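Residue-level listing of the chains:
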Amino acid sequence: MSVSVQTGDFDAGRECADLLAGRDDVGAVASFIGVVRGDGDVAAMTLEHYPGMTEKALEAIVAEARSRWPALVRVRVIHRVGRLAVGDQIVFVGVAGGHRGEAFAACEFIMDYLKTRAPFWKQEETAEGVRWVEARGSDDEAAARW
Amino acid sequence: MSVSVQTGDFDAGRECADLLAGRDDVGAVASFIGVVRGDGDVAAMTLEHYPGMTEKALEAIVAEARSRWPALVRVRVIHRVGRLAVGDQIVFVGVAGGHRGEAFAACEFIMDYLKTRAPFWKQEETAEGVRWVEARGSDDEAAARW
Amino acid sequence: MKLHIRYFASLRESIGRAGEDIELPCEQISVAALREHLAAHGADALGDTDKLRAAVNQVMAGPQTAIGDGDEVAFFPPVTGG
Amino acid sequence: MKLHIRYFASLRESIGRAGEDIELPCEQISVAALREHLAAHGADALGDTDKLRAAVNQVMAGPQTAIGDGDEVAFFPPVTGG
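Protein chains in written order, with our numbering: chain L, 1 to 146; chain W, 1 to 146; chain D, 1 to 82; chain E, 1 to 82.
If you are wondering where the hints come from, they were derived from the structure by calculation, not from laboratory data.
Computed from a predicted structure; not experimentally measured.
Be careful, since some hints might not be right.
In silico DSSO-like cross-links for lysine-lysine, where the CA-CA straight-line distance does not exceed 30 Å [to be verified]:
id : chain 1 : residue 1 : chain 2 : residue 2
1  : E       : K51       : E       : K2
2  : D       : K51       : L       : K56
3  : L       : K56       : D       : K2
4  : E       : K2        : W       : K56
5  : D       : K51       : D       : K2
6  : E       : K51       : W       : K56
Please build the complete structure, drawing on both the sequences and the hints.
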């Protein structure tokens, strides 16, 4: 089970430990945690997603990473949905591999692809009401690097 | 206290949580854990270091990362020394920033620099005895990218 | 052909509903042609193609992706997860 | 000048000691010249410069780095941490 979409929080330390457990060929674990940033007057946000497609899209991204870096040992992706406050964790991507180069690359690749290919949408809550977050062109550029 | 050299283990989840604590401007935490890999018949290794210089070298690397990515919020580096078994954690690098690009870049930069500039030396234990690990040319190349 | 149409996020709010089941007298249709048809029949927000994305059977699709009978077709703004 | 010399890892084992305090009749000396002097006076392993690194006062140094009275100078193989 390498991909989860859930409302509940996750324990990044536990996830990193699970990436290592029972293997003696892991030399590197690269991981990423996305967090709700308190930009301007943002107090919270709600993440909508496309149930069914979300899991497929994340699994396809993980499969693409594994085909690009075949030596990867384990990959874990967790994305939360629902309402999240500033400081709450949104997403975890963890990659275990033999060496650090492939672990870093695959972790960043998965995040870049997730940002442009996984069907999640953020709606921010501010003092003036709610507003949908606009997609950033820099995310398309980041995904196009690979 | 952003840099530690210690014999004891570390809790990567706790370190990641500490990188976030009390800040609302963190959107991204990139982290790396280096682990003793069971290459061939390696059963354990002993990490020697240069007390005094080690901490200075790590602090200089963190300072260099902060000057290259001034928007970074927090950086944490932990490196263990002494005897470690296969599967044991060796090093933790965690970087908290506003956005993922700088967090990933700074985390990988710190690891690449640490690999070529921090005075640690590994001696592996195998069935045939102990041997010093040879430095890899690929690490020099990785550090030269930045 | 029968199709299951779904809308998400700001697009769902603009159109005012989460989706609709429709029937068309075609054997196959492209994403672009379906979008134009829906835009002309009550889903006005689909007329602004500037920042519109689509998926066919829960896989990202382009304007020329072919849609067949029974397919689930979703329209939504560019994604903003992560 | 008085200098504190330190050796680490495989170099310490080759030379057979962790360091030495020495006195030289100079006011300043380069890392390269000190290395040659030590190699010619009992630290033979310093003759193989192929994979040798040095630090002066706990900061990475190059062959031309200047060493002064009271400095701590370390020689060691390329580092392998992380």
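For a C-alpha distance cap of 30 Å, please report whether K51 (chain D) and K2 (chain D) respect it.
holds, 26 Å
Next pair to validate is K51 (chain D) with K56 (chain L); report whether the Cα-Cα distance is within 30 Å.
holds, 22 Å
Against the 30 Å threshold, does the CA-CA distance of K56 (chain L) and K2 (chain D) hold or violate the hint?
holds, 23 Å
Keeping to a limit of 30 Å between CA atoms, is the pair of K51 (chain E) and K56 (chain W) held or broken?
holds, 22 Å
For the pair supplied as a hint, K2 (chain E) and K56 (chain W), confirm whether the alpha-carbon distance does not exceed 30 Å.
holds, 23 Å
Holds or violated: are the alpha carbons of K51 (chain E) and K2 (chain E) at most 30 Å from each other?
The given pair, whose Cα atoms are some 26 Å apart, holds under the 30 Å limit.
In the structure shown, no violation is registered for any of the earlier numbered hints.
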